Amino acid sequence: MHSSSFCSGIWTHGSDTSTSLNGFGFRYDERTFTHLNTFGNTMSPTQNGTLAHDIARRNGHFHASNLIISSMRQYECSALLHSWLASIGLIEYASNFESAGLNDPEYILEYGISDQALAFMNISKIGHSQKIKCLYRLREFLQQNNKINTSNDNDNDSESSDVESQNSFEDGEAIDTEQNVSESSSEILH
Numbered sequence: 001m002h003s004s005s006f007c008s009g010i011w012t013h014g015s016d017t018s019t020s021l022n023g024f025g026f027r028y029d030e031r032t033f034t035h036l037n038t039f040g041n042t043m044s045p046t047q048n049g050t051l052a053h054d055i056a057r058r059n060g061h062f063h064a065s066n067l068i069i070s071s072m073r074q075y076e077c078s079a080l081l082h083s084w085l086a087s088i089g090l091i092e093y094a095s096n097f098e099s100a101g102l103n104d105p106e107y108i109l110e111y112g113i114s115d116q117a118l119a120f121m122n123i124s125k126i127g128h129s130q131k132i133k134c135l136y137r138l139r140e141f142l143q144q145n146n147k148i149n150t151s152n153d154n155d156n157d158s159e160s161s162d163v164e165s166q167n168s169f170e171d172g173e174a175i176d177t178e179q180n181v182s183e184s185s186s187e188i189l190h
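Numbering (UniProt numbering), first residue to last: 1 to 190.
Honestly, the hints are just simulated from the structure, not real lab data. Hints may be right or wrong, so weigh each one.
Estimated spans, in silico, between C-beta atoms of each pair [claimed, not checked]:
| hint | residue 1 | residue 2 | range |
| --- | --- | --- | --- |
| 1 | GLY60 | SER114 | 27 to 35 Å |
| 2 | ALA86 | PHE120 | 19 to 27 Å |
| 3 | ASN145 | TYR111 | 15 to 23 Å |
| 4 | SER124 | ASN145 | 24 to 32 Å |
| 5 | ALA86 | GLU110 | 16 to 24 Å |
| 6 | ASN122 | ALA86 | 15 to 23 Å |
| 7 | ILE126 | ARG58 | 27 to 35 Å |
| 8 | GLU140 | ARG58 | 53 to 61 Å |
All figures in this text were calculated on a predicted structure; none of them were measured in a lab. Just so it is clear, CB atoms sit at the ideal spot from N, CA and C, and this is done for glycine as well.
Working from the sequences, and respecting the hints, build out all of it.
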């Protein structure tokens, strides 16, 4: 059984019953998964704070745990990109960016967007394409977002060091997956 199937089961079935998850070769009781929530691709912790990646890690599914964490990061990047596009009045292109696999605003800021990428995403209006190509206000937007995240991180410094040590990648497969996505995105950009 592949870890990605386990992750798909968690994201797809959310708080569904254990019978839905038994098809993935894992037998967990219904109470274990009742805290999962597919609403907006976020997960709600139980009263004791257990999340899907914690469950996967505790049960020895380290690759599945890493995929879940990677998916959470992708969702956060996508939400950030949507916010930036909305702030510059171009939210209608959010789905075009996602279709092209460009959902990380920090990656876009670092490598830019080529004319070919704009054409691939069907962004043909001159004003819109120039605004996106020059990354209009993206740097300021990310700096402002980092200030907000930094103030939230300062409140949780002691907790975050424990979580980071638990969530560190234990195998290189998740890192390889991220590099493959990054390489395919750079082909579109340049």
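Cβ separation of ASN122 and ALA86, checked against the hinted range 15 to 23 Å: This hint holds: roughly 19 Å between Cβ atoms.
Distance restraint evaluation - GLY60, SER114, Cβ atoms, bounds 27 to 35 Å: For SER114 against GLY60, whose Cβ atoms are near 44 Å apart, the range 27 to 35 Å is violated.
Range agreement (Cβ of PHE120 with Cβ of ALA86, hint 19 to 27 Å): holds (22 Å)
Range hint compliance [Cβ, SER124 to ASN145, 24 to 32 Å]: holds (29 Å)
CB-CB spacing for ARG58 and ILE126 relative to the 27 to 35 Å hint: The hinted range 27 to 35 Å is violated for ILE126 and ARG58, with Cβ atoms some 54 Å apart.
Range agreement (Cβ of GLU110 with Cβ of ALA86, hint 16 to 24 Å): holds (22 Å)
TYR111 and ASN145 - C-beta distance against the hinted 15 to 23 Å: Once the Cβ atoms are compared, 19 Å apart, the range 15 to 23 Å for TYR111 and ASN145 holds.
GLU140 versus ARG58 beta-carbon gap, inside 53 to 61 Å or not: violated (41 Å)
In this structure, the earlier hints numbered 1, 7, 8 are contradicted, and the remaining ones agree with it.
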